[in-house]
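Engineer: For the record, the sequence lines run as chains A and B. Note that my numbering gives residue 396 to position 396 of the first sequence, counting from 1, and the numbers run on in steps of one. Note that my numbering gives residue 121 to position 121 of the second sequence, counting from 1, and the numbers run on in steps of one.
Note that these hints are calculated values from the structure, not bench results. Fair warning: this is a prediction, and the values are worked out from it, not measured in the lab. Watch out, some of these pointers could steer you wrong.
To be verified - Derived lysine-lysine pairs resembling DSS-like cross-links, with alpha carbons at most 27 Å apart:
| # | chain 1 | residue 1 | chain 2 | residue 2 |
| --- | --- | --- | --- | --- |
| 1 | B | K165 | A | K410 |
| 2 | A | K98 | A | K80 |
| 3 | B | K97 | B | K68 |
| 4 | B | K68 | B | K165 |
| 5 | B | K175 | B | K68 |
| 6 | A | K225 | B | K175 |
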Amino acid sequence: MRRLTLLFAGLLLLPASIGAAQGDPAEVKLEWKSGSTARLPLRCEPFAPVGDRDARTTSVQGDEVLAADLAGSAVFQVVKTWDPTSSGSTPQFVTGGKWTVRGTQLKLSGELRDFPGRRPILVKEYSGPVADWRGLVHRFADDIVLQLTGEPGVAGTRIAFVSRAGRDMELCVMDFDGHGLTQLTNDRSIARSPNWSPDGSLLIFTSYRGGTGPQLWVMNPANRKPFPISTRSGINTSGIYSPDGQRIACTLSQDGNSEIYVLDARGGSPQRLTNNRSVDTSPCWSPTGREITFTSGRSGNPQIYVMDSDGGNPRRLTYDVDYTDSPMWSPKGDRIAFVSRTGAGFDLYVCRSDGTGAQRVVSGGSNENPHWAPDGRHLVFSSNRDGALALYVTDLDGTPPRKLETGGRKALSPAWSPRH
Amino acid sequence: MNMLRALVLVALVAVAAAGCAKKTVQTPPAPPAETPTQTPTPPVTPTPTPTPTAPTTGLPLDQATLGKLQVVYFALDSDAIDEGGQSSLDANARALKSTTGDFVIEGHCDERGTAEYNQSLGERRAKAVQQYFADQGIALSRITVVSYGKDRPAVEGSDEQAWSKNRRAEFSLRK
């Protein structure tokens with residue numbers, strides 16, 4: 001582990017205050033560096049299929065999923081030994097193990113070792129139905145990331161988003177790697193801007209299903225029954241749960257103009273936080289729940305602001321960028337992602353939570369609605385960078401964003417789930 | 001001589017009035033004659049007061065009439081109704097006043113704004129039109145305002161040609 005820490009410490013330096021405030025400088029430095037040399041070279045060897053004769057039919061898929069999970073973690077540079085086109089620098093680590101299928105049960109004996117010494121670093125068994133083999137592989141991948149970084153990975157997370165077909169925009173959910181896509185609404189209206197409850201059990205989203213304009217609805221993706229949370233007159237948009245799940249920040253225009261309100265978790269007891277004649281919208285809580293970042297047009301064009309969660313002490317965060325919106329506070333609280341208008345659409349930016357150090361992290365095409373992964377290492381966003389609207393993930397390290405498969409659907413407005 | 005001075009005075013007043021009317025949407029036009037007048041309403045109040053009652057006579061509003069209404073277009077990032085918009089709305093108001101029945105003002109935006117901000121901007125556009133109609137004596141009780149942000153563009157495309165057609169307020173029947 002000491003060798004690893006030294007390795008991280010050698011990455012791009014940031015002002016010490018950020019790392020110190022977050023308690024884990026290694027994390028922040030990994031996220032902020034540009035270029036991909038910092039990834040840990042890791043060699044994926046195939047699992048040995050054992051037990052039933054057809055064990056290999058799932059084990060070879062498991063090999064690919066584990067390699068994709070580890071590459072997608074942004075911690076590793078992965079070489080697949082079974083793939084001659086896969087190459088990289090001399091590995092420091094190697095993964096493998098046994099894949100035992102007996103009837104409907106799978107036992108995955110996962111191993112992480114150093115390389116070339118092959119001394120064990122992590123040896124762990126995962127058991128469950130063969131049908132859930134992906135879940136077992138994701139858990140192994142997240143444990144590998146935990147072992148080497150001190151924080152679990154995000155392979156077990158999901159992404160909610162909106163798929164567009166003609167005029168209809170429907171809410172969908174899928175695994176973080178695009179597998180298991182499920183459509184959650186089918187009301188042929190407009191769904192928008194989903195956000196997860198902190199325990200990952202509920203999605204709050206904007207919906208036109210009521211027929212009278214945008215309203216806030218909530219759904220448990222497991223039973224797909226939507227129920228209304230705020231159907232007040234005017235617009236009801238931008239719903240987002242507080243970190244403790246007890247409150248909902250949102251945009252309402254019931255008093256005549258878009259303002260930011262906080263509701264209780266059932267949509268009652270509205271408390272108004274902003275009060276001016278321009279648009280205020282897009283609230284997002286800080287991870288402590290003590291502050292809210294939002295967008296306001298009070299300066300003449302939309303810019304990012306922060307206020308206390310009771311509405312006090314509002315201050316402007318962004319100055320040197322054009323029309324900005326979609327602020328999202330990072331899970332560790334140190335940064336805020338947002339979008340800024342270009343001639344052709346929007347670029348993604350990340351700044352520190354005090355507004356300093358704004359950096360453009362994604363450009364090209366139009367890129368919108370960034371949403372942090374729970375480890376703060378990635379942003380999912382929608383973009384038309386390759387033509388049709390689709391979802392992409394940036395690892396914030398200068399590598400090109402990678403496209404998420406959404407089964408040929410036009411996809412936008414993504415929200416990354418918390419870990420379950 | 002007196003008559004000449006009177007004429008000049010009348011002309012000056014007319015010019016001044018015309019100038020005022022063009023300058024800002026906020027100035028309400030003279031109350032329409034056919035409105036059943038109760039007490040004279042104060043010029044501009046921030047809270048919409050349901051002043052004119054819905055006309056009790058007139059044809060029920062149908063899709064054909066709505067389809068003939070002129071779409072109102074807006075400048076980028078703006079909810080101000082320009083001169084072209086005012087003359088469109090004047091014509092629309094005349095058509096609507098000869099009808100009874102409720103309708104929806106839809107506010108729309110182009111893709112150069114963000115989804116969230118556009119939902120708010122679209123509502124401001126629709127409400128600006130609503131206020132204009134109210135000032136023309138159309139009962140607020142007939143009007144529902146819905147913002148679609150940028151999610152229902154009139155024209156697909158990523159150029160000014162498409163954008164200018166998408167920044168709009170249009171009209172539909174209340175479902």
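Engineer: Determine for every hint whether it applies to the structure shown.
Structural biologist: Hints versus structure:
Among the hinted pairs, K165 of chain B with K410 of chain A is consistent with the structure: their alpha-carbon atoms are about 23 Å apart, no more than 27 Å. Of the pairs offered as hints, the one joining K98 of chain A and K80 of chain A holds, with about 16 Å between alpha carbons and a cut-off of 27 Å not exceeded. Distance restraint check for K97 of chain B and K68 of chain B: the Cα-Cα separation of roughly 14 Å lies within the 27 Å cut-off, and the hinted pair is therefore satisfied. Between K68 of chain B and K165 of chain B, the direct Cα distance comes to roughly 17 Å. Compliance with the 27 Å bound is thereby established for this hinted pair.
Using a Cα cut-off of 27 Å, the hinted pair K175 of chain B and K68 of chain B holds, with the two alpha carbons roughly 19 Å apart. Pair hint K225 of chain A plus K175 of chain B holds up; C-alpha atoms about 24 Å apart against a cutoff of 27 Å.
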